[in-house]
Structure formats: structure tokens, C-alpha cells
Amino acid sequence: MQPQPHISPNTATAAISAALESQRSRKNRGSYNCGRCGQPKKGHVCLLTAPPDIPTTPIASEPVSCISAAASSSRSTVLSLTAAPSSRQTFTHLRRALSFDDVDARNSLDESDLDAASMDLDLQLDTDIVQPGRFHAVGLWEVLKRLPPSSLLMAARVCKGWRETSRKMWKAAEELRIRVPERAQIGYIGSLLQKCPRLIRLSLKIESDFDATTLACIAFSCPNLEVLEITTSGAAVNRISGDELSRFVANKRGLTSLKMEGCSNLGGFSLSSSSLSTLWLSDLHSLSKMIFNCPNLTEISLEFSRQEDDSTDLVTMVDGLGRTCTRLQNIHIASLKLSHTVVLSLTAVNFRYLRMLSLVLGINITDASVAAISSSYKNLELLDLSGSSITDTGLGMICDVLPDTLSKLLVALCPNITSSGIQFATAQLPLLELMDCGMTVSDPNSDNPTFVENPSPHKTPGYNQKMFIKHKRLKKLSLWGCSSLDALFLNCPELMDLNLNLCSNLHPESLVLQCPKLQLVYASGCQGLLTGAIRKQVSENFSADFTYLIFFIYLKRGIAVTQFLYIKINTLSSSTKLISKIPQAFQMAIAFKSGVFFLQSPKSQIGFRHSSPPDSSLSFKRFTPMASLSTSSPTLGLADTFTQLKKQGKVAFIPYITAGDPDLSTTAEALKVLDACGSDIIELGVPYSDPLADGPVIQAAATRSLERGTNLDSILEMLDKVVPQISCPISLFTYYNPILKRGLGKFMSSIRAVGVQGLVVPDVPLEETEMLRKEALNNDIELVLLTTPTTPTERMKRIVDASEGFIYLVSSIGVTGARSSVSGKVQSLLKDIKEATDKPVAVGFGISKPEHVKQIAGWGADGVIVGSAMVKLLGDAKSPTEGLKELEKLTKSLKSALL
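Residue 200 in UniProt numbering sits at position 200 of the sequence shown, and the numbers go up by one each step.
Do not rely on the hints blindly, as some may be mistaken.
Label pairs and their calculated CB-CB ranges [unchecked claim]: (1) Gln194 with Pro295: 29 to 35 Å; (2) Arg167 with Asn296: 51 to 57 Å; (3) Phe468 with Ser828: 39 to 45 Å.
Here are the simulated lysine-lysine pairs, BS3-like style, with alpha carbons at most 27 Å apart [stated by the list, open to error]: (4) Lys160 with Lys205; (5) Lys168 with Lys145; (6) Lys774 with Lys650; (7) Lys337 with Lys259; (8) Lys672 with Lys721; (9) Lys646 with Lys475; (10) Lys746 with Lys797.
Everything labelled a hint here was simulated from the structure, so no lab data went into it. Where is the CB? At the ideal position from N, CA and C, for every residue including glycine.
Kindly generate the complete structure, drawing on both the sequences and the hints.
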């Protein structure tokens with residue numbers, strides 16, 4: 001057992017000495033064994049003599065640094081426990097808190113277990129020597145600090161000495177990480193926090209709705225709190241208002257760092273704190289006021305929702321920051337409302353200490369904005385203008401002003417930048433260590449979510465762009481989505497990470513990698529021969545075994561997420577891990593802030609092979625629905641259904657539910673209820689482990705379904721029994737990975753055999769649907785394609801021509817999920833599509849209310865798709881029967897809006 005590098009043995013000895021001093025001063029009751037030799041006392045005369053006790057000097061116990069816990073409904077499953085030095089003592093190589101996410105909740109003990117620990121064995125502990133019948137206290141310390149707290153609670157049952165030591169460790173804890181599941185009560189969190197009076201750092205991952213009561217509990221239980229982080233999971237909703245947050249920050253005078261997700265209900269806030277130095281808020285929307293009275297604030301990250309109706313005044317916000325937060329060093333703002341005016345306000349403030357500036361998704365940020373930034377901030381070390389409209393000219397300005405300081409440059413999703421600009425930037429920035437220029441050198445007709453219809457006149461059209469980069473310090477280079485790149489030469493001796501995802505036009509014979517330290521290459525969506533060429537070139541640079549910490553970075557639901565795992569490399573040919581199986585949608589190596597979220601990759605995802613779990617052997621009770629059910633078989637396909645409805649002057653109502661949530665038997669009954677309530681087409685979602693196009697409600701439903709053992713085979717088995725009993729056609733909504741796993745032909749024939757009429761695959765771009773459309777046509781399956789508000793007109797026309805059944809119009813930018821209103825852009829998009837085709841158009845994403853349905857129908861849509869609202873009803877219901885009742889009620893109200 002190796003000692004922790006940041007634990008002092010002397011400190012541990014002194015601490016345990018003080019904790020156990022009282023145990024040596026009295027006789028324990030109920031001892032049946034000899035304290036010297038361990039033999040039963042009855043009829044026993046011990047021949048051993050106890051050596052004299054060596055005195056020890058009691059010293060105040062050192063605090064425990066980190067306890068991580070996961071709360072489960074009424075008890076706590078503890079994840080980790082480590083000891084650490086004094087809270088005010090710092091080290092340069094502190095170890096990360098370990099995470100034991102695989103600890104079985106059934107092995108955990110609750111508070112009552114701890115209080116009942118009363119096994120009184122005659123074990124006297126000494127901190128200096130090992131005596132017969134005694135346990136070395138330093139050894140006890142070393143053992144207990146390595147146990148997950150669930151095991152620590154069990155160890156507390158050994159004897160009073162161990163129990164007292166365990167309690168001391170809890171009381172001295174400085175950091176606590178808790179996962180709060182849906183059914184946990186806030187009172188339990190409070191009782192847990194009160195057992196850690198010295199708590200300084202607290203991290204909560206909340207899976208249910210929460211409000212200001214949580215903040216009040218934290219404020220009362222943690223008087224010394226300095227760092228607070230609250231993240232949301234699944235369908236959890238943050239209901240904290242701006243006034244409540246402002247009051248909390250004002251009262252916690254020692255708070256230095258606050259990070260909070262899901263801040264959509266703030267409305268406005270006024271934060272006043274002389275101690276706060278770090279502030280991260282995400283999912284902000286339409287803030288009426290933002291007042292920052294935080295003179296010591298050094299880092300701020302504000303991420304706004306991607307909704308077009310956001311009315312936040314960013315100019316006023318920046319002006320306020322400039323007046324009261326003059327010490328800012330790191331600024332990150334992500335918003336569709338970023339513009340040149342906002343940049344001018346930012347430069348007028350002139351933050352003297354600014355080192356990191358990240359302005360993401362600002363399509364209205366131009367070269368003029370870059371000129372303003374360059375003139376005001378000449379000491380930047382990181383500049384992120386991803387999603388902007390800057391050109392090579394803007395890159396030139398950056399190079400002229402920041403050659404001596406800039407080490408990280410991120411210009412992904414900037415369609416007006418060319419290979420020449422990228423080459424120039426790498427040549428003129430000698431300190432550059434990270435560069436992200438994904439989706440820059442790309443085909444104008446490719447699937448680019450930020451493509452502008454009037455690109456820069458300097459942009460080289462089409463393919464056949466070449467890139468030559470020679471740099472001595474560059475460590476990470478991202479060229480994901482550069483589909484126009486056909487030749488690449490890299491001479492970068494320090495390069496360790498290279499992202500070539502979706503570089504579909506890059507030829508193996510035109511690739512040269514002179515990068516001896518290269519450890520990780522992404523090559524998803526590239527030519528098959530290219531991956532072989534990469535392996536061959538990279539393997540020549542290694543001659544020994546290596547172990548690397550491999551990072552997988554991609555954009556998921558608009559948030560930069562890092563998944564990591566350790567990979568042992570034992571052969572010469574595999575010295576560099578080549579990742580070519582990552583799903584092709586939304587693969588981006590882009591850091592939107594100075595820090596990223598770390599999520600441990602489960603064992604089932606090593607190599608990124610996503611699949612449904614095996615069949616579950618659990619049985620579920622069936623029940624009778626409330627609606628009268630039809631038993632007729634479907635006779636019409638998707639297109640024929642729309643044709644019939646058009647003749648009747650009606651608009652199609654298309655509900656969506658996730659298969660297997662809450663279970664497959666409920667899904668079967670839900671399909672019957674939806675059909676009986678007048679649905680014209682039903683979309684059935686196949687649960688998938690990485691649903692990139694889905695919002696939190698459907699993602700949570702998919703996760704629950706997979707945890708219950710739902711897979712494609714069980715779904716098809718259910719449909720085989722249900723489809724003959726309903727009259728409306730079924731369209732499957734699935735991601736591409738499950739299709740590829742089964743095989744295109746086999747998948748199409750399987751779903752057709754059970755009566756499925758249509759198919760929607762959201763993560764397949766138009767260029768890769770040729771084989772999919774061919775197999776669908778052979779099996780009489782109508783493949784529905786999607787078009788979005790950001791799809792260029794010419795590309796939209798090609799999608800319309802290729803789509804079968806109907807055209808799926810995504811109403812908003814982002815993922816699925818209920819929204820307060822429907823964007824007015826949908827009306828003009830419908831008009832454009834109607835001018836290009838006579839095929840029916842159905843609108844989905846963000847539609848949840850009868851007024852939404854009525855509004856979209858009035859704009860000329862042929863169909864309306866409602867998903868998240870349906871899924872949420874079934875997932876939140878107290879019982880399947882209640883869920884079906886609520887589903888029936890909602891379906892009838894939405895359907896009536898179309899009559």
C-alpha cells in the first residue's frame with residue numbers, strides 16, 4: 001500500500017494520536033478475548049507481559065481533504081475519502097479526488113448503521129510501535145484513508161477506537177461531492193452537510209428539480225463554504241430565481257467560487273460580494289438585469305440559451321462588468337446575440353489584467369471586431385472566436401498584435417477562414433500550443449451548422465485545399481470537418497493530439513506526419529485507406545510500450561465534454577491510439593472555457609462502441625389502458641397518410657415517445673392510446689447511449705430505458721404484437737450506430753417485418769444516406785430526412801428531393817425539448833420549402849402546447865410533431881397507469897387544436 005504523495009506520516013501520526021487518546025485511558029466493556037495474546041479469557045492465564053506505553057504528544061488533527069458521496073433515495077453511497085494537509089497549505093501536484101462510481105449502493109450504510117456500531121473488542125491502539133494485541137495507529141490511518149466511505153462506515157463497526165477515528169475524519173472533511181438522485185429529500189442533504197462542519201468545497205450533482213431551499217440548506221449547514229458547484233442531470237430543473245441567488249451570494253461572505261447550471265429561471269440578478277473570484281452560470285435566458293458588484297472577480301463564464309428570442313442586453317452587461325469587476329482575467333461568453341457592438345463595449349472597458357477571452361457563437365463578430373480586440377488587449381494568452389465571421393484578414397491582425405503571448409487560438413466554425421490563413425497563423429505565432437480550426441476549410445455544400453450564404457470572396461471554393469504546418473511548440477491541432485482539405489503536411493515535434501474527423505477528402509498519399517510525440521489521432525468519417533496510412537506513419541516514431549491518459553473531446557448538447565480512460569499500449573503498431581469509431585455527428589475538439597467537465601467513460605464504451613445492453617430478464621406487470629383501442633392493421637404509409645389528410649383539409653398530428661420508458665409493456669399500451677386518440681403517425685424512439693440530437697428529457701428517458709434492458713430486438717418483438725392492433729403507421733426514430741451494428745439490409749428487413757413504415761435517422765448527413773436510401777427503398781421503408789433553420793438553400797433543396805414520406809423541419813437551433821414559444825422563422829422556412837417541393841412538411845423540436853400546434857398549422861405545415869412533452873408525462877408519472885391517463889389527456893388537447 002503506497003502512501004499518498006500529499007500526506008505527511010508525521011501529521012497522520014499526530015492526528016490519530018489525539019483522536020484515540022481517550023481510548024487508552026479506560027477499560028472497554030464486553031471484551032471476551034485477551035488484549036495481549038488474543039486467546040479467550042475464560043480459564044486463561046496470559047504468559048505475555050505488556051511493555052510500557054510510550055507516551056505521545058497530542059497534536060490537533062489535520063482535516064480530511066475530500067469526501068465524495070452519492071446519495072441514494074434515503075441513504076448515501078460514499079464514493080471516496082482521502083486525507084490532505086491543512087486547508088491553507090498548497091502543493092503543486094495535488095492528486096485529484098478519486099471517484100468510485102461503481103460502488104454498489106447495496107453495500108452502503110446509512111446513519112443508523114453508524115450509530116449502531118458498538119462491537120467493543122479489546123484493541124488498544126498506539127501511534128508509535130506495534131505491540132502484541134495492538135494495532136499500529138499509523139497503519140489504521142493509512143488503511144482508513146484509502147477506503148471508500150461506504151467501507152469506512154463498515155470499518156467504524158469494528159470497535160470504538162475505529163468508530164471515533166472515522167467520525168473525526170468526517171468532521172474534518174473539507175471537500176464533499178454528492179450525487180442527489182430524484183427521490184432524495186433536501187432534509188437528508190442537510191443532515192449530511194451538518195456532519196462536515198469544516199466543509200470548504202461542495203459539489204452537488206442534482207437529478208431532480210430544486211429551488212432556493214437547497215441554497216438555504218447549504219448556507220445554514222456550511223458556514224465556511226468557499227467553493228460551490230451545482231450541476232444538473234437528466235430532466236432536473238433549476239428553479240432558483242435571481243433574487244434568491246443574489247441573497248445567497250451576499251450572505252456567504254467567504255464564497256470565492258460559484259458554478260451553477262440550468263439558470264434559465266433567474267430572470268435577473270444583482271450579485272454583490274467582495275470575496276467572489278470565479279463565477280460560472282449556464283443556460284441563461286432573457287435576463288432583465290445583470291449587476292455585478294464583485295471587485296475581486298477574476299474569472300467569469302456566462303453561457304446563454306441558444307433560443308432566438310433571448311432578449312438579454314449584452315452591451316449593458318459588459319458595461320456593468322467594466323465598472324465593478326476591473327480585475328477580470330478570464331472572460332467567456334457564449335451567445336447568439338454576440339455582435340460587433342458588444343465587442344466595442346468590451347474593448348472600451350479595457351480590462352487591464354485580461355488573459356483569456358472567449359466569445360463563442362457570435363456570427364456577427366467580424367474582422368472589425370478583431371481589430372478592436374487587438375488594439376485593446378495585447379497580452380492575451382487564449383483567444384476563442386469560434387462561430388464568428390472573421391476572415392484571414394482577422395487572423396493576420398491577431399498575429400501582428402499577439403505573437404509574444406498567444407498560446408491558444410480557437411477559430412472553429414468560422415467558414416470564412418482558409419487554409420492560407422491557418423498556415424499564416426501557425427507561422428506567425430511561435431508560442432502557439434493549441435489551435436482549433438474545425439469546419440473552416442470545408443466544402444460550402446457540406447453539413448455546416450453555421451454556414452453563411454455569402455462567404456468571404458477570399459474563400460477558395462470546393463475541394464483541393466492544401467495545408468503545410470511547421471511549428472516547434474504546437475501540441476494540439478484540430479482540423480475536424482475540413483472536408484475541402486486534400487493534402488496535409490505536419491512537421492510538429494511536440495504535437496500530441498490531432499483531430500482529422502470528417503476530413504473526407506484527405507488522401508492517404510497526400511498525408512505526411514512528422515510528429516514523433518503524436519499520441520492520439522481522431523479519424524472518424526475519413527477514407528478507409530487514410531486510417532491505415534496514419535497508423536503506418538505514426539508507428540514508425542515509437543519503439544517501446546507506452547501508457548497514456550487518452551482524452552476524447554467532443555461537443556455534446558452544446559457543452560464541451562471530455563471523456564477519459566487509461567489505455568495500455570503494448571505493440572509497436574498501436575503505439576498511438578487511433579479513434580475511428582466515434583459517432584460522426586457533432587464531433588468537435590473545441591474548448592469553450594478554461595475548464596471542461598470530466599466524465600469517466602464506462603467500460604462498455606471503451607473504443608466508443610455504442611450499443612444497447614443485453615435483454616433484461618425482469619418481468620413487468622401489464623395493465624389495461626383507459627381508452628378504447630383499435631384492432632385494425634395499418635394500411636397506409638407516411639406519404640399516403642399525408643395525401644389522404646390533405647384531401648380532407650387536415651394537418652397530421654405526430655406524437656413521439658421513447659420505447660421502453662418506463663417499460664416496454666407501457667410503451668405498447670401508449671401506442672394504442674395514441675392511436676385511439678386520433679394520432680395520424682407515431683414516432684417511436686429507439687433508446688441510444690449517446691443521443692446527440694435529443695434534449696435532456698428524451699436523454700433521461702433513453703437512459704432509463706437502457707438501464708431496464710431495452711434493446712432493438714425487444715422493441716421489434718413488442719412492435720410485432722402491437723402494430724396489427726393499431727391503424728396509424730409507425731416511424732422509427734433511431735441513430736445510425738444501431739443500424740450499422742445490425743447491418744443495413746438486416747435492419748431494414750427486420751423493421752419492415754414487424755410493420756414499421758418510416759425511418760428517421762438524425763445523425764446521418766445527406767452525403768452518407770445513399771446506401772441507407774437504397775436499402776430503405778428495397779424494403780419499402782420511407783426514409784425521412786431533416787432540414788434545419790441553418791441549412792443553406794441549395795442544400796435544403798437536395799434534402800427535399802431525397803426525403804421520402806415527408807420533410808422533417810427542425811423548428812429551432814439545438815436539441816429537442818419543450819420551449820416557451822415557436823420561432824417566427826419557421827413560417828418563412830415553410831414558405832421556402834413549399835416553393836421547392838410539393839412533398840408534405842412536418843415541423844418538430846420544441847413544440848409542446850396546443851397554441852404551438854395551432855400556430856404552426858396556421859403557417860401552412862402539413863404535420864406537427866410533439867415529443868418531449870409526451871415523454872416527460874410518462875417519465876414523471878407516479879405509476880404507468882397514471883402516465884397513460886395524462887398521455888391520453890394531452891394527446892386529445894393537442895389533436896383538438898388541429899380541428
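Quiz item: Looking at the structure, which of the earlier hints fail to hold?
Solution: Structure breaks hints 2, 4, 6, 9 and 10.
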